[in-house]
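Model the full structure from these sequences, guided by the hints.
There are 2 protein chains.
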Amino acid sequence: MKNIDESNLIERLNSVGTLTTVDRVEINLRNFFSNENLQPGDGIPKEIELARAMGVSRTTIREALIRLKLLGLIDSRKNRGIIITRPDVLSNIKRALDPQLMDGNTMKEIFELRLVLEMGIADILFIKKTEEKIRYLEMIVEREEKTKNKVERLKIDVEFHAMLYEMSENKTILQFQKMLLPVFDYVNNGLHVRSQVKNENYASHRVLLNILRNGTPEEFRIKMRSHLMKYFEKV
Amino acid sequence: MKNIDESNLIERLNSVGTLTTVDRVEINLRNFFSNENLQPGDGIPKEIELARAMGVSRTTIREALIRLKLLGLIDSRKNRGIIITRPDVLSNIKRALDPQLMDGNTMKEIFELRLVLEMGIADILFIKKTEEKIRYLEMIVEREEKTKNKVERLKIDVEFHAMLYEMSENKTILQFQKMLLPVFDYVNNGLHVRSQVKNENYASHRVLLNILRNGTPEEFRIKMRSHLMKYFEKV
DNA sequence: ATTAAGTCATATGTAAGACTTATAAAAAAT
DNA sequence: ATTTTTTATAAGTCTTACATATGACTTAAT
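Top to bottom, those sequences are chains A and B. For the first sequence, the numbering used here gives the first residue as 1, with consecutive numbering after it. For the second sequence, the numbering used here gives the first residue as 1, with consecutive numbering after it.
Rather than coming from a laboratory, the hints here were simulated on the basis of the structure. Hints are all accurate, no fakes.
Heads up, the list lumps identical chains together, so a pair's fine if it works in one copy or across two of them.
Taking lysine-lysine and the DSS-like style, the derived pairs with C-alpha atoms no more than 25 Å apart in a straight line are: (1) Lys133 x Lys178; (2) Lys230 x Lys150; (3) Lys230 x Lys171; (4) Lys69 x Lys108; (5) Lys230 x Lys128.
Predicted model only: the values in this text are computed from it and were never measured.
What follows is the structure, given as structure tokens:
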């Protein structure tokens, strides 16, 4: 009983009690944005005006603005003022995903997430595929097959997978991939020595491309899984 | 030609040229963290010391710290100082995903991302499924079938899908789902009127559960697609 | 001796004002 | 008309001062 009361208290304190001035200002600003129905590109009052309007110091306003800026909701330039931006949802988070500061388990989970994405994306790819895009993939694969240089091959590998995300024509998904890329890269570079252990039923990019041309989403998924599994054992 | 040069310029300016003092401080701090090999829970020097050490004002240091705090890399408490925290990668981004400030296209894209995730997750589910988890899903579905209340059914719907993510036993993926949840919710609540248009080959939760019991990942994917398609037309 | 209440020092949080710098827009020069 | 120079402006940075929460320490009470 006592425990429940206590946790409730903590809950309340965390959600309301310790709400700092900046927190309130941030909420006010967000409400202001959505109430005024501001569009990307629109400007908002300058820092001093906001500070006066909300009865806080410029320091406090700035801190709230810094948060919103980091979240990609606004952008600020000297003299120009502050403008609303289309929330660049995911691209900013990239900065939090520093592989160097990440523990092994999280990295494994992110890699699993990649597997989920690249298998789940199959249907969309078969819907959105065009002759032009396939040709572009073909070029990438040909370049890969000509190259012996390991570093170069790694770069092309990244290119191939990035192109798949791009083919989805979904900017959010593409951004998401870009955000996770440093993590994949880290895995690749750090451990590409063991990748010599060639798996017999490993699917090359060429195989994936051919399926994309004449196969089915399900075939694509199966091959993609075995393709990515190669890396999976590294993590 | 001119366009390319221009975009390159912007790219460079954004990434290097207009590197502000705070940007440099932020980079320094990150390097400091990874060089010192700091573990979650460890403390770092206080603001004034950091300011003196880097030769900038406390204001500037604070701004950099605010960013890192928002990214979940550190946490600060009065008097206690600043401590390293395990980057809670995704949970912070939630704040950027305010459906009210989101344009229709982005919402559509996020919903597509959900489709990708819930189809791509199928293989993992079949690997990680246990008797206990299946029973739990069974309970959810039974509750759903008994309920007529629309609001209640929506709540249970969310529960069912959340449970799937949980079954993946991947904390990162689960966090990601929680982050996107407000967006799904917004779609559901805002437009659940039209959902009366019953699609003939719509797959219920019951169907999905049965497949999870005795079917294959591929069957699961097919049904999941038709299941989510119901909502898709809303966006 | 152990627990509760009170105080004190400390580091972050907030405020206020001055100065610096980038830049958009206006003015001057080509 | 186009380029260059000035100028006003608003964000970026600095300094100083004060407020507030909290861990650590001291004291009082059972």
